[in-house]
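Undergrad: Okay, here's what each chain looks like letter by letter:
There are 8 protein chains.
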Amino acid sequence: MDQESLKNLLLSFKEGKANLDETVERLRHLPFEDLGYARVDHHRMLRQGFPEVIFGRGKTPEQIAGIAARLLEHAPNLLVTRSERAAFEHVRLIAEDAVYHEASGAISVIRDRTEMGGGTIAIVTAGTSDIPVAEEAAITAEVMGNRIERLYDVGVAGIHRVLSQRELLQSARVVVCAAGMEGALPSVVGGLVGVPVIAVPTSIGYGASFGGIAALLGMLNSCAANVAVVNIDNGFGAGFVASLINRA
Amino acid sequence: MDQESLKNLLLSFKEGKANLDETVERLRHLPFEDLGYARVDHHRMLRQGFPEVIFGRGKTPEQIAGIAARLLEHAPNLLVTRSERAAFEHVRLIAEDAVYHEASGAISVIRDRTEMGGGTIAIVTAGTSDIPVAEEAAITAEVMGNRIERLYDVGVAGIHRVLSQRELLQSARVVVCAAGMEGALPSVVGGLVGVPVIAVPTSIGYGASFGGIAALLGMLNSCAANVAVVNIDNGFGAGFVASLINRA
Amino acid sequence: MDQESLKNLLLSFKEGKANLDETVERLRHLPFEDLGYARVDHHRMLRQGFPEVIFGRGKTPEQIAGIAARLLEHAPNLLVTRSERAAFEHVRLIAEDAVYHEASGAISVIRDRTEMGGGTIAIVTAGTSDIPVAEEAAITAEVMGNRIERLYDVGVAGIHRVLSQRELLQSARVVVCAAGMEGALPSVVGGLVGVPVIAVPTSIGYGASFGGIAALLGMLNSCAANVAVVNIDNGFGAGFVASLINRA
Amino acid sequence: MDQESLKNLLLSFKEGKANLDETVERLRHLPFEDLGYARVDHHRMLRQGFPEVIFGRGKTPEQIAGIAARLLEHAPNLLVTRSERAAFEHVRLIAEDAVYHEASGAISVIRDRTEMGGGTIAIVTAGTSDIPVAEEAAITAEVMGNRIERLYDVGVAGIHRVLSQRELLQSARVVVCAAGMEGALPSVVGGLVGVPVIAVPTSIGYGASFGGIAALLGMLNSCAANVAVVNIDNGFGAGFVASLINRA
Amino acid sequence: MDQESLKNLLLSFKEGKANLDETVERLRHLPFEDLGYARVDHHRMLRQGFPEVIFGRGKTPEQIAGIAARLLEHAPNLLVTRSERAAFEHVRLIAEDAVYHEASGAISVIRDRTEMGGGTIAIVTAGTSDIPVAEEAAITAEVMGNRIERLYDVGVAGIHRVLSQRELLQSARVVVCAAGMEGALPSVVGGLVGVPVIAVPTSIGYGASFGGIAALLGMLNSCAANVAVVNIDNGFGAGFVASLINRA
Amino acid sequence: MDQESLKNLLLSFKEGKANLDETVERLRHLPFEDLGYARVDHHRMLRQGFPEVIFGRGKTPEQIAGIAARLLEHAPNLLVTRSERAAFEHVRLIAEDAVYHEASGAISVIRDRTEMGGGTIAIVTAGTSDIPVAEEAAITAEVMGNRIERLYDVGVAGIHRVLSQRELLQSARVVVCAAGMEGALPSVVGGLVGVPVIAVPTSIGYGASFGGIAALLGMLNSCAANVAVVNIDNGFGAGFVASLINRA
Amino acid sequence: MDQESLKNLLLSFKEGKANLDETVERLRHLPFEDLGYARVDHHRMLRQGFPEVIFGRGKTPEQIAGIAARLLEHAPNLLVTRSERAAFEHVRLIAEDAVYHEASGAISVIRDRTEMGGGTIAIVTAGTSDIPVAEEAAITAEVMGNRIERLYDVGVAGIHRVLSQRELLQSARVVVCAAGMEGALPSVVGGLVGVPVIAVPTSIGYGASFGGIAALLGMLNSCAANVAVVNIDNGFGAGFVASLINRA
Amino acid sequence: MDQESLKNLLLSFKEGKANLDETVERLRHLPFEDLGYARVDHHRMLRQGFPEVIFGRGKTPEQIAGIAARLLEHAPNLLVTRSERAAFEHVRLIAEDAVYHEASGAISVIRDRTEMGGGTIAIVTAGTSDIPVAEEAAITAEVMGNRIERLYDVGVAGIHRVLSQRELLQSARVVVCAAGMEGALPSVVGGLVGVPVIAVPTSIGYGASFGGIAALLGMLNSCAANVAVVNIDNGFGAGFVASLINRA
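Protein chains in written order, with our numbering: chain Z, 1 to 248; chain L, 1 to 248; chain P, 1 to 248; chain Y, 1 to 248; chain C, 1 to 248; chain R, 1 to 248; chain A, 1 to 248; chain E, 1 to 248.
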């Protein structure tokens with residue numbers, strides 16, 4: 001509810017179109033909808049420019065499809081993260097054009113392909129095992145209307161692999177960089193480009209990698225100043241932030 | 001060294017203007033300069049659009065002034081972070097217009113005030129104790145040519161304080177958000193705006209705040225998808241990333 | 001055994017109604033009962049105003065039903081936490097009116113519905129995934145004779161959701177607040193109300209949430225002074241403490 | 001701003017006593033006051049029933065006295081925590097009746113001694129080294145209008161010490177329990193009483209006590225269900241929560 | 001190989017009964033036997049007064065039975081810890097009188113029941129869930145020839161349960177005390193007795209008990225000076241140390 | 001208060017030598033003495049066979065001397081741990097024969113040199129830096145009436161050093177073993193002897209020794225079954241437990 | 001691409017054998033091959049003297065076999081680590097002489113058995129459970145052309161076991177030492193030999209061994225100066241580093 | 001004591017040149033010397049090829065000089081690590097040619113400059129702040145008779161700095177690599193060379209670098225297989241291991 005509608009509301013009251021209690025009531029409630037098990041936030045489109053994304057884990061297929069149905073009434077594109085195939089089967093019933101992304105467990109519906117971004121988002125991984133996380137970022141960015149460049153398996157122990165792609169990296173508006181183990185790739189990439197690098201630690205590794213903590217700490221302590229970090233395996237968050245940075 | 005100069009170098013060689021060993025040599029070295037105690041990276045201006053920033057801690061005042069002198073030969077603006085006043089006294093000798101920022105220990109020289117950013121950077125803190133870290137971000141962003149809006153002491157336990165400034169936040173291109181203790185402010189701010197929020201955990205707190213770890217974890221686990229995080233107390237990094245996001 | 005009964009015991013001895021050894025024996029033993037695998041503490045009703053609660057994990061269905069039978073001989077209401085359905089099947093044999101709560105694994109018997117509390121307990125969650133923990137708190141509070149108000153899925157990234165329910169919160173005598181991820185909700189709720197907030201971190205989240213540690217640290221470091229914390233996923237403890245606070 | 005004043009504001013507007021922009025403006029701002037370095041929250045008295053408490057650490061003596069002066073204009077009692085004696089010297093200039101509590105670093109002004117609580121708050125420590133934290137809780141509770149019973153140095157390795165004071169404990173409305181090292185006292189006390197126990201881990205101990213973490217974990221894992229925990233050394237928080245529980 | 005046999009060996013050599021190389025060889029090897037997958041240490045009986053104990057985890061049933069067979073050739077009693085029932089089936093083939101202890105996964109053979117200890121070992125648990133660990137200690141102590149007193153489910157939240165058994169505790173030569181959650185019982189027991197208390201943290205608990213770390217830290221920081229600690233769930237180690245303490 | 005005196009008390013009451021209230025009172029209080037700042041536990045001599053030990057840290061010199069004076073009225077020997085020289089100066093005023101142990105900060109008074117132990121306590125260190133902790137153990141054991149053998153600087157990287165002293169170790173009734181860094185010595189010593197080894201991790205080391213955590217974990221995970229562990233740098237606890245083990 | 005071929009490339013260009021764009025292109029790319037899911041690094045043979053090793057975890061059997069096929073075109077020997085038997089079945093189709101190592105999950109192809117090392121690599125374990133990790137090291141070293149000596153189950157609690165093999169250890173060029181639990185063996189071995197000891201912590205143990213962290217910390221803090229450490233369970237890394245040390 | 005001298009000893013006994021007790025005694029003791037506060041290990045020269053190094057921390061200047069004097073009687077070169085200047089003043093009295101290394105706190109005496117190594121040790125740092133640790137490694141390697149190449153301030157955020165020195169790196173027999181912050185340099189260097197890389201994490205950094213833990217974890221998880229790690233700031237250990245690798 002922006003300042004304009006607030007003024008309109010007040011004028012309606014002044015002009016007698018709305019009575020006192022109604023006006024108080026409308027002032028107290030912002031537009032969200034209660035499904036019992038979840039409060040759908042239709043207002044988010046206005047506030048953030050992108051509708052709510054459904055975090056699939058811990059929700060039943062029925063709940064996911066239910067929320068999806070309500071969201072699709074208000075917005076053309078839809079994203080569900082971390083869902084099982086069973087959820088997809090339910091979503092497909094209410095959206096035939098839904099696509100399931102095996103590697104990341106995402107469900108996407110893209111009905112509006114207007115390009116929202118001003119440049120390109122480069123998505124980079126250190127190894128092949130980091131690809132599912134990177135794909136979650138890629139799908140998120142695509143649903144949000146961005147052009148993507150993928151650059152996978154270019155970890156620092158074979159430094160020539162990333163160096164040979166310097167131009168591709170340097171032409172991006174923002175880089176998403178997923179790496180497990182020691183998480184060193186964002187530091188090298190950060191030193192090569194003049195744009196923000198969104199680093200995603202992945203839980204790839206064993207022993208003292210501690211499920212991604214080693215990579216997370218490596219990225220937080222990056223000696224490259226243009227690196228910011230999201231949670232371990234949070235490809236969705238990386239893709240989301242990158243999309244906002246790339247927004248024209 | 002871009003593709004164009006590479007071609008020129010090769011042509012010089014072909015045309016006999018440069019001999020074989022010279023050409024090999026030039027191909028092997030990128031332009032950095034060795035001061036003995038540090039390798040100054042003049043090339044960074046080209047690669048990243050902003051010259052090297054001097055991390056003051058662990059360097060003598062003489063070393064800082066020495067590096068500063070070399071950098072100012074190639075770039076109009078200068079930033080030193082985490083320095084003592086003694087370093088400033090040395091830098092002032094080679095740059096009369098240098099300014100020392102007590103709260104953050106930064107030294108800045110701003111000779112080129114061209115605005116580089118397309119919008120505004122909002123810098124927000126939860127408490128008064130987070131201000132030194134926020135100021136480090138602010139100075140960094142100013143040296144890099146950005147317009148700043150400061151919004152301090154608006155922590156979540158008095159939620160109306162940040163809500164009343166919603167419009168200021170919503171008009172920014174990017175928000176830097178510094179908070180200690182439980183680090184909850186970026187989640188609330190993230191939910192209010194449609195732009196990236198760069199969260200900086202601060203080491204403010206006691207007991208189980210563990211020098212900023214509680215705030216860091218809070219921010220990494222933010223339920224707002226538009227939050228990315230930099231290291232504890234890393235105001236410089238936050239200001240740097242925000243500047244790159246805001247670049248027109 | 002209060003001071004009065006101690007006096008009576010001594011007088012019985014003096015008056016010859018009890019002999020020396022009997023008196024020594026009764027002085028040495030407080031009223032608990034040994035079932036071999038567990039010592040049932042009937043004395044707790046006197047000491048704490050509520051009978052022992054059975055922690056189901058690690059006990060066989062037979063053991064749970066056995067303890068339950070003994071407890072129901074002395075008290076009208078019964079609570080078992082963290083049990084499997086198999087335990088419920090056994091308890092139902094000795095208490096037909098037992099109810100099994102799927103989400104939390106609790107078994108409850110409520111034969112005395114006298115209201116013990118002076119006000120209302122508001123139970124709030126940040127997300128839908130926090131509901132099982134919140135329900136454990138709710139059932140505990142109900143068995144202990146309290147009125148409950150539920151307010152679910154009002155996390156801080158859509159701050160208007162909790163703000164719109166301010167009045168409901170402000171009318172409670174105590175608030176239980178369950179949240180995972182960054183655990184920020186108790187700080188916001190704590191700032192809105194003038195009563196104690198019992199915060200329960202949940203193990204909801206991934207990556208650097210570390211099974212609830214991020215939320216736990218967030219809550220312990222809350223900038224709202226009226227927040228106290230119980231163990232991760234400890235809905236029972238939160239409901240128990242809240243019930244004692246609400247006791248008229 | 002309660003519903004009544006909201007109605008009045010709307011009626012003023014309808015009746016033409018306030019114009020549109022003024023009304024919008026007043027609707028947007030809640031009553032806090034900006035001192036430049038801090039936003040004083042006069043509204044808290046209404047929201048929480050107790051004025052803002054000044055967290056002294058990281059604020060200059062002048063800032064503390066400045067905020068104190070503004071708070072005393074609106075409320076009779078004042079509490080500053082974790083301040084140095086220098087801050088007290090400044091506060092004394094604006095409040096002759098201020099008292100400095102050496103052990104805890106608190107400054108208190110008590111001008112209104114109306115009893116707010118319905119019962120007694122028992123404050124218990126395991127050792128003599130826990131006393132400063134306990135005293136912070138005690139002063140907080142006194143400033144907030146409560147009756148206090150102190151019971152110090154009754155740690156569990158001499159269990160008869162706490163057992164001999166069972167009656168004192170059992171007559172309290174709420175118990176605050178401060179302990180370092182293994183933090184076992186709240187479990188024992190919790191088993192003896194039927195009221196909430198607010199446990200405060202202290203940073204007392206050495207080696208694997210890790211500055212209070214051992215005690216904190218002990219308290220979070222208490223086998224007594226009526227224990228809730230605040231941050232390490234957070235005597236203020238414990239006293240605050242206990243006061244709200246004790247409120248008549 | 002004690003000093004006496006060393007002298008004999010040297011004299012054999014001097015007297016020509018053994019040649020030079022044989023003597024060197026025997027000096028270099030202490031008596032252990034190589035089974036390929038394990039080196040059985042028959043020498044331990046001499047060095048420590050008790051034969052090697054087989055740690056079952058990570059060994060095949062065949063390997064366990066193989067080592068057991070070799071050990072039983074040199075010693076009357078046998079102990080295997082942490083084995084599956086399948087291992088027991090194999091051991092039974094070579095030792096009909098072997099007994100399998102379901103709760104702890106131990107296999108014992110007791111052919112010599114000579115009492116080795118001078119007093120009694122009291123084995124105490126806080127809850128019923130700690131019993132498997134306590135039983136591992138009990139079986140170990142029994143195999144090593146000790147008298148045992150069991151005292152289970154006497155945790156500190158019902159302090160009268162342990163107090164009522166004070167005399168039993170005070171008559172022991174050493175106490176083994178197993179507890180999970182906050183691990184407070186050894187501190188209380190330690191304060192009641194004048195003998196060593198061997199504390200075993202168990203992995204019982206949830207949330208911030210971190211698989212026994214909370215209990216471990218509690219025990220290491222015990223305010224009772226007569227408490228020493230073994231590894232989490234290490235009932236065997238506790239029983240072993242207690243047996244050595246009790247040795248007449 | 002044993003069963004006998006309980007009977008006497010009851011008979012006194014029956015016979016009218018004590019009235020009802022007196023008897024109730026005496027039943028409720030065990031013998032400790034309240035100094036205001038500390039509850040001195042004279043009862044401990046009876047319960048544990050050794051009087052209270054004063055933990056010096058966090059107590060003023062006056063408090064330490066005050067408690068010491070009271071303890072010396074009831075027991076011939078005295079031990080203060082972790083005190084400053086200033087405390088010693090105060091204690092000397094009330095006990096001319098007090099001795100200050102610089103390395104460990106202990107104060108001892110030994111007026112009764114009766115040997116309490118049945119054997120010898122061997123005290124072993126890995127390096128020279130572990131000596132202060134070992135000396136705290138040695139003084140404790142001496143005050144408690146034990147014979148000591150010291151064996152210092154025999155760490156495992158020069159394994160022959162400890163092996164050459166095997167006989168000395170094997171003749172002890174119990175071994176105290178202090179080591180920092182990787183804390184491996186107790187495992188080696190444990191394998192050489194057939195008596196309990198009380199391991200004390202010391203905070204010696206740097207980097208990933210984490211102030212003794214590496215040594216602590218090493219000792220808790222010892223592959224020698226006769227090792228039990230006390231807190232980091234807790235020489236007092238090790239000496240205390242060893243004395244109880246050695247008691248005849 | 002070494003300096004010589006760079007010169008040749010430049011001369012080809014000068015002599016007109018290659019045109020400008022071709023030359024620029026070849027200067028930009030180092031020789032690796034893109035399989036879509038992985039970038040095979042044929043260049044590594046030149047850079048490191050050993051071809052790429054395939055880390056099996058997280059790759060499908062088809063992917064593993066695909067990469068293996070490409071690698072075998074360029075090098076005679078092949079190593080896959082941490083693979084399932086299913087991967088082996090696929091690799092066997094393209095290399096009949098492949099061998100699967102059950103314990104470690106490694107697949108090896110050895111077609112060139114030229115000895116590359118100048119001495120022997122001794123591979124030592126503390127217990128039988130450490131053998132799978134040690135075997136991964138052994139296979140790695142064998143594929144890389146080294147002579148191996150195995151010495152298993154010689155942990156420090158029976159110190160004579162390792163001492164009796166001193167000569168075998170002292171004749172090695174480098175020692176790999178795998179140990180779980182307290183990880184003390186490398187310190188003892190390090191003290192016995194004058195060559196580098198590569199320590200591999202294993203995840204063997206329970207309770208406070210924390211999946212190998214205790215052993216890792218023990219090894220990092222070794223009091224023997226010739227110990228360097230690789231990741232938990234990283235037998236491959238240990239064997240690789242040892243092979244490079246042993247290279248003639 | 002090697003096999004040859006053992007034979008000689010036995011023959012002396014047989015031939016009556018030594019009596020029985022003498023022979024037993026000599027068999028029991030290996031050659032170390034007891035200074036009271038330290039056991040000097042002259043045997044190490046034989047066992048390890050390099051005399052004992054004095055760890056200065058926690059030793060008095062007198063103790064350091066005392067041990068140094070004894071060591072110099074048996075070996076030409078001497079190394080003391082982590083000492084204060086005061087220790088150097090004492091050592092200079094007994095060795096005029098001693099040199100003090102300010103940055104690392106090392107004291108060296110080099111009287112024998114025979115080259116022991118077969119190749120060169122490259123010592124590399126990421127930043128200027130890592131130099132003291134690197135210098136400790138360099139001095140260690142020099143005292144042990146090695147040729148050194150230093151390559152400082154070549155961190156990965158300016159990747160061309162290290163790439164331009166590839167040839168220097170590739171010509172070394174072993175590389176020591178010191179880095180703080182994210183510790184990524186060893187991975188990049190490891191990928192460039194075919195020799196072992198000994199990685200030393202330094203405690204350089206702030207916030208989530210946790211005093212070197214981030215760098216340590218990064219190095220342990222290196223995706224380059226030729227990296228082994230020593231303790232945080234352990235320049236001495238790195239130099240020592242590198243020297244052993246380089247030994248001809």
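Derived from the structure by calculation, the hints contain no laboratory data. Errors might be hidden in some of the hints.
Only pairs whose alpha carbons sit at most 30 Å apart, straight line, appear in this in silico DSSO-like list of lysine-lysine [said to hold, decoys possible]:
#1 R/7 / P/17
#2 R/17 / P/17
#3 E/14 / C/7
#4 Y/7 / Z/17
#5 L/17 / A/7
#6 A/14 / L/7
#7 E/17 / C/17
#8 Y/7 / Z/14
#9 R/17 / P/7
Undergrad: Given the hint that residue 7 of chain R pairs with residue 17 of chain P, test it: the Cα-Cα distance must not exceed 30 Å.
TA: The given pair, whose Cα atoms are some 16 Å apart, holds under the 30 Å limit.
Undergrad: Is it true that the CA of residue 14 of chain E sits at most 30 Å from the CA of residue 7 of chain C?
TA: Judged against 30 Å, a Cα distance of about 13 Å means the pair holds.
Undergrad: Given the hint that residue 7 of chain Y pairs with residue 17 of chain Z, test it: the Cα-Cα distance must not exceed 30 Å.
TA: The hint holds at about 16 Å.
Undergrad: Just to be careful, I want the Cα atoms of residue 17 of chain R and residue 17 of chain P compared with a cutoff of 30 Å; is the pair within it?
TA: Holds, because 19 Å separates the two Cα atoms, which is no more than 30 Å.
Undergrad: Under the criterion that the straight-line Cα-Cα distance not exceed 30 Å, is the pair residue 14 of chain A, residue 7 of chain L satisfied?
TA: The given pair, whose Cα atoms are some 13 Å apart, holds under the 30 Å limit.
Undergrad: Quick one, are residue 17 of chain L and residue 7 of chain A close enough, alpha carbons at most 30 Å?
TA: holds, 16 Å
Undergrad: Holds or violated: residue 17 of chain E and residue 17 of chain C, Cα atoms, limit 30 Å.
TA: Roughly 19 Å between the alpha carbons, so the hint for residue 17 of chain E and residue 17 of chain C holds.
Undergrad: Next pair to validate is residue 7 of chain Y with residue 14 of chain Z; report whether the Cα-Cα distance is within 30 Å.
TA: Satisfied, since the Cα-Cα distance of roughly 13 Å is no more than 30 Å.
Undergrad: Compare the distance between the alpha carbons of residue 17 of chain R and residue 7 of chain P with 30 Å, and conclude whether the hinted pair is satisfied.
TA: holds, 16 Å
Violation of the numbered hints given earlier is absent; every hint is satisfied by the structure.
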